[in-house]
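Enquirer: Residues per chain are reported as follows:
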Amino acid sequence: MRGWLRSDGRKGIRNVVAVAYLVECAHHVARQIAAGEDEAHVIGFPGCFPNPYAQKMMERLCTHPNVGAVLVVSLGCESFNRFQLEKMVAATGRPVKVLVIQNEGGTKSTITAGRDWVRAQAAALAAAPTVPIAASDLVVGTVCGGSDGTSGITGNPAAGIAFDKLVAAGAACIFEETGELIGCEGIMEARAATPALAGEIRASVAKAARYYATLGYGSFASGNADGGLTTIEEKSLGAYMKSGQSPISGLIKPGDIPPKGGLYLMDVVPDGEVRFGFPNISDNAEIVEMMASGAHVTLFVTGRGSVVGSALAPVIKIAANPHMYARLSGDMDVNAGRVLSGEATLEEVGQEIFDLVLDVADGRQTKSEELGHREFILTYKSFDPIGPACLPV
Amino acid sequence: MPTDPRLLLLHPGDSVYVLRDQIAAGETVLVSGTAVAFAQPLGLGHKIARVAVAAGEPVIKYGAPIGRATRAIAPGDHVHLHNLASDYTPTYALEGKA
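Protein sequences appear in the order of chains Z and C. For the first sequence, the numbering used here begins at 1 and goes up steadily by one. For the second sequence, the numbering used here begins at 1001 and goes up steadily by one.
Okay, chain Z solo, but in the shape it has when bound (with noise of 0.2 Å):
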């Protein structure tokens, strides 16, 4: 496998330049700018105002190992940081240039500026020289989406297996949401790695739970219950499966990145009161709080049949579902739902979820990669920061 050094120690496995808004004004001109352009990814934050958790999230996200060139695309008049995260990107050593449309004479010529800066940098990263990488360079994510009653007892646990291999090759792998472990908390928290790191495991469930009854409905669509799934707890139970076997070594929140390799729960339920609405309002938001804890490559595990990808880093889409993978076999990488026919075991999928990482992580093109998904939502959220006994020492 090979990769690209940054100067953080990291490795990446792809090479983009990411085209990054920071206010919905100037979504059309980043996305005409990376148009055309097969390894510009657009990302950005859609809100006016500011909110620590998307400046540090943009922040990650712009100096994700699988960066390698930043275009910021700026309107000029929102509240987002656009020095800062300039002067962020900058000190990596990664090339980094600001576009404010209302300096540049507008939509038409801060495309044209746009289109010639990421042209003359996708041509720099196809020609930047490469280093070795190793199962111990990467991390992991996980998540599941369009859950039904066979997402727990096929595509997760086949996951978890992936996990727990993966782990011991090194690597540091995350799960969540915690939203959607609520119930799993006391055979959860026996896993941890210390008695205050399990202490820490309950007290981030109970605040999901107490922020969910607030809401008034939990981590649940109508789909879940069509698949077969009745309550927040079963659902939790089959998510849970996806962390597999291993202790768990700490708990993260999103753009938290893991010290060393392990297995790693990231609380993504916001702190303080209920504020800025639903916690993750789709499983892209997931995937994005993935990313900016570093995750190269993420399973998702989807019973009902999601199709969605990611910008910057591939997704794995695993069919938990044999009927659904039957209808949406373009869109899945892989097809646990052979566990339900007798035609694989939970240990083969697992295998074969690993081998794929691997692969994809050398370079592996995923389905959803080849279709041109690059989804990506960023929405208002607020955290304190993680205490003490979270990561391992």
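One or more of the hints may lead you astray.
Unchecked claim - Simulated DEER-style distance windows between Cβ atoms: (1) C:Glu1057 with Z:Gln84: 54 to 64 Å; (2) C:Met1001 with Z:Gly199: 41 to 51 Å; (3) Z:Tyr380 with C:Pro1012: 42 to 52 Å; (4) Z:Pro388 with C:Glu1027: 51 to 61 Å; (5) Z:Asp38 with C:Gly1026: 33 to 43 Å; (6) Z:Phe276 with C:Pro1090: 19 to 29 Å; (7) C:Ala1054 with Z:Asp362: 52 to 62 Å; (8) Z:Leu215 with C:Pro1012: 34 to 44 Å; (9) C:Pro1090 with Z:Gly106: 42 to 52 Å; (10) C:Pro1090 with Z:Ser329: 28 to 38 Å; (11) Z:Ser282 with C:Pro1012: 35 to 45 Å; (12) C:Leu1081 with Z:Gly372: 33 to 43 Å.
Claimed, not checked - Covered stretches of chain C (in silico footprint by chain Z; criterion: 3 or more residues with CB under 8 Å from a CB of chain Z, positions within the stretch not fixed): (13) 1013-1021; (14) 1025-1039; (15) 1049-1058; (16) 1064-1071.
Quick caveat, the hints were computed from the structure, so don't treat them as lab data. Remember, predicted model here, so these are calculated numbers, not experimental data. No residue lacks a Cβ here, since even glycine has one placed at the ideal position from N, Cα and C.
Assemble the complex: chain Z is given as a structure, and chain C must be docked to it using the hints.
Expert: Leaving out everything else, chain C in the frame of chain Z:
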């Protein structure tokens, strides 16, 4: 006790089976030695009671509670929104669907 091979037991302590394949309307299925007739079709991933669960008692899947019975559940019953509720947050299901 003999049980239809389409019913999957995830954990020895579970009070429900999980369907590993569909059941057609009008089918009779062997559940823990008893023939149970299903008037409605049931999809992959749905749950069927393995044992009786009294109203207010926890329903167990994966060896862990997934909520409480809101009415008495008999072996062979479809276990879903009509007889099981969360101990945490209520479940939202789309209304008006056929």
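Enquirer: Look at each hint and say if it fits the structure.
Expert: Outcome of the hint check:
For the pair Glu1057 (chain C) and Gln84 (chain Z), the beta carbons lie near 56 Å from each other, so the given range of 54 to 64 Å is met. Between Met1001 (chain C) and Gly199 (chain Z) the CB atoms are about 43 Å apart, so this pair conforms to the stated range of 41 to 51 Å. Between Tyr380 (chain Z) and Pro1012 (chain C) the beta carbons are some 46 Å apart, a value that agrees with the proposed interval 42 to 52 Å. Taking 51 to 61 Å as the suggested C-beta distance range, the pair Pro388 (chain Z) and Glu1027 (chain C) conforms, at roughly 58 Å.
In this structure, Asp38 (chain Z) and Gly1026 (chain C) break the distance hint of 33 to 43 Å, their C-beta atoms being roughly 54 Å apart. Here the CB-CB span from Phe276 (chain Z) to Pro1090 (chain C) is close to 22 Å, well matched to the stated 19 to 29 Å. Here the CB-CB span from Ala1054 (chain C) to Asp362 (chain Z) is close to 56 Å, well matched to the stated 52 to 62 Å. For Leu215 (chain Z) and Pro1012 (chain C), the hinted distance range of 34 to 44 Å is satisfied, since their beta carbons lie about 36 Å from each other.
Between Pro1090 (chain C) and Gly106 (chain Z), the C-beta spacing of about 50 Å keeps the proposed range 42 to 52 Å intact. In this structure the hint that Pro1090 (chain C) and Ser329 (chain Z) lie 28 to 38 Å apart at CB holds, the actual value being about 36 Å. About 37 Å separates the C-beta atoms of Ser282 (chain Z) and Pro1012 (chain C), a value consistent with the hinted range of 35 to 45 Å. For Leu1081 (chain C) and Gly372 (chain Z), the hinted distance range of 33 to 43 Å is satisfied, since their beta carbons lie about 38 Å from each other.
A stretch counts as covered by a chain when three or more of its residues have a beta carbon under 8 Å from one of that chain; for the stretch 1013-1021 of chain C and chain Z the count is 4, and the coverage holds. Against chain Z, the stretch 1025-1039 of chain C contributes 0 residues with a C-beta closer than 8 Å to a partner C-beta. That does not satisfy the three-residue criterion, and the hint is violated. Check result for the stretch 1049-1058 of chain C against chain Z: violated, 0 residues qualifying (beta carbon to beta carbon below 8 Å, three or more required). Requiring three or more residues with a Cβ within less than 8 Å of a Cβ of chain Z, the coverage given for the stretch 1064-1071 of chain C holds, as 4 such residues are present.
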